[in-house]
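J.: On the provided structure of chain A, position chain B as indicated by the hints.
Residue numbers (my numbering), protein chains in the order written: chain A, 1 to 191; chain B, 192 to 378.
Honestly, the hints are just simulated from the structure, not real lab data. Check before you lean on any hint, since a few could be wrong.
Said to hold, decoys possible - Using C-beta positions, here's what the derived DEER-type ranges look like:
#1 A:L29 with B:T349: 39 to 49 Å
#2 B:F229 with A:G26: 18 to 28 Å
#3 B:F373 with A:T140: 51 to 61 Å
#4 A:E133 with B:D361: 50 to 60 Å
#5 B:L327 with A:E142: 32 to 42 Å
#6 A:T140 with B:P305: 31 to 41 Å
#7 B:N285 with A:M46: 18 to 28 Å
#8 A:S127 with B:G258: 52 to 62 Å
#9 B:L327 with A:S143: 44 to 54 Å
What the hints assert, rightly or not - Only some residues are given here: those of chain B computed to face chain A with a beta carbon under 8 Å:
#10 F229
#11 Q243
#12 F247
#13 W315
Just so you know, even glycine gets a beta-carbon here, dropped at the ideal spot from N, CA and C.
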Amino acid sequence: MITAVRTALAPPSAESRAGTRLDRSGQGLLEFLLLLPFLLGLTILMIRANAAIQISIVNQKYARAQTHFLTFNSPYYPDVGLNGKRKTDMIASGTNAITMGVAEKALEAGEDGDTQPEAPMQMVARSVAKAGEKPAAQQTTESSGWVRVRNTITLCSGSHSFAIEGGFASIKRISEGVTPGSFNFCRESFQ
Amino acid sequence: MGAAMRIFPPDIRRDRRGQSTLEFALVMLMTLSFTLFFIQLCLVLAWGNYVQYATFMSARAFVAGGGDETGQMERAKLVLGRMVKRGGRDRFPNIAKGVGGGGGIQGAEIGQGPGYSPSRASSWPEGVRYTFRSRLFSIPPGLPGKKLEEDANSVTFTSESFLLREPTYDECVRNIITQGGFVDNGC
Numbered sequence: 001m002i003t004a005v006r007t008a009l010a011p012p013s014a015e016s017r018a019g020t021r022l023d024r025s026g027q028g029l030l031e032f033l034l035l036l037p038f039l040l041g042l043t044i045l046m047i048r049a050n051a052a053i054q055i056s057i058v059n060q061k062y063a064r065a066q067t068h069f070l071t072f073n074s075p076y077y078p079d080v081g082l083n084g085k086r087k088t089d090m091i092a093s094g095t096n097a098i099t100m101g102v103a104e105k106a107l108e109a110g111e112d113g114d115t116q117p118e119a120p121m122q123m124v125a126r127s128v129a130k131a132g133e134k135p136a137a138q139q140t141t142e143s144s145g146w147v148r149v150r151n152t153i154t155l156c157s158g159s160h161s162f163a164i165e166g167g168f169a170s171i172k173r174i175s176e177g178v179t180p181g182s183f184n185f186c187r188e189s190f191q
Numbered sequence: 192m193g194a195a196m197r198i199f200p201p202d203i204r205r206d207r208r209g210q211s212t213l214e215f216a217l218v219m220l221m222t223l224s225f226t227l228f229f230i231q232l233c234l235v236l237a238w239g240n241y242v243q244y245a246t247f248m249s250a251r252a253f254v255a256g257g258g259d260e261t262g263q264m265e266r267a268k269l270v271l272g273r274m275v276k277r278g279g280r281d282r283f284p285n286i287a288k289g290v291g292g293g294g295g296i297q298g299a300e301i302g303q304g305p306g307y308s309p310s311r312a313s314s315w316p317e318g319v320r321y322t323f324r325s326r327l328f329s330i331p332p333g334l335p336g337k338k339l340e341e342d343a344n345s346v347t348f349t350s351e352s353f354l355l356r357e358p359t360y361d362e363c364v365r366n367i368i369t370q371g372g373f374v375d376n377g378c
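The following block holds chain B by itself, in its conformation from the complex:
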């Protein structure tokens, strides 16, 4: 401070030209940050609701019977992929990106969910899960080259829908043969 007083003459130190511009810039930054955060939050919440519907529709495709289990999974993937992806990539990468999972759709886990076991009481978590990660604050922007997963300025959401799975034709035939029955058109 003392050095500044020595460098600048008294007239310059009292000069308030540009003060309002500086204040405007500072307040604008804060207002813009908050406005962008609000808009981003709205988009993330809306996307979350949409993903809830997407996992439900995918689980519906998964539950229906078919030739074999692979066919059921492929149908579920097709429905989920069409709803949350575009050309194999995230539909709105600026809003949310699928994380984890695998099997062709980033973020998706189709089949037996966490805690599943063949026992009577724990066989219900079977269906579709989708996990995505969203950045909430646009200002300050993330560091270039930094992955979204490593960014502290982001949150992870998971949507899941467990509607179980119908036995497939193959499983039905196997069960009948195991029980010593004859395979007719009963499956």
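Chain A extracted, bound-state conformation:
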């Protein structure tokens, strides 16, 4: 009994101290492991945010390339259009500019203007659960982990059409004897 009491009162030996809360072995490793998820999260967020920026830059570049291509760097747009669109459509709608964007999905051949293209979306949150539900096309939300990368390029052209009563007419009609209101080329000043 006395031996047992002496043993209990004696200061702990080096062996008994090992494995208690005073032991700091492995502390640095534990701290690193605690910090690691934060560092990984930060890295993933940076890569995703940069991906959204890159999508914007690259899509704008291709939209611009295709706009230049369709215009042939010319003030006169070619008659061959995109998705069945022709220069005559531009005249009918009084449009003297071409606007092009890059959509997430390609439009089916022959789809008309009623089809709404959807802008590409990039998740910038840590996970799909954190990002929340993906907003529907054309819908804006106050807070979301999804970035909708809208991009369009507009290039003005020479005039294809001019306004007439009740609509638009081709610029080719601006000539003597053709234009309504007896257009007299170079013989009278514009009012």
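T.: Frame of chain A; chain B shown alone:
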């Protein structure tokens, strides 16, 4: 293990002096590796964005008309070279090195891009491309003398900008002569 127990007496085996130093060294190596990777990744991504702008500016120089096609290419080279090179060498070789290409600027391809053909539908890829390669991890360092292209610890990025090309004065004159016209000041 048995041999170690025989070699070292029990007191030495239980001695924990230097343990925290060893742990610090190991954790420091991991932390430093990750921190350097993070910084390097930031620099590579920033450089990538800068190269996107550089190819666009170079393509703008290329698209403008001129005396002949060589002049257009030289202007594009001049713009790209000033932005991504310094004295003919990579501006920041520790971040990125131009690979492939040629014609005076390592990594650059100016003119007709991949998939180009004179047909109507495939004539749009004409402009400037720039390809560079970057090492992502600083630790472990690459083997001395090993080329960056052969290093598995590196990634390749390509930036391209196709704005097409205006016909040059020479081309305009040739076209007019082909069509039996007279060369005046119309080109």
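J.: When the hints from earlier in the document are held up against this structure, which numbers fail?
T.: Hint check: 9 fails alone, others pass.
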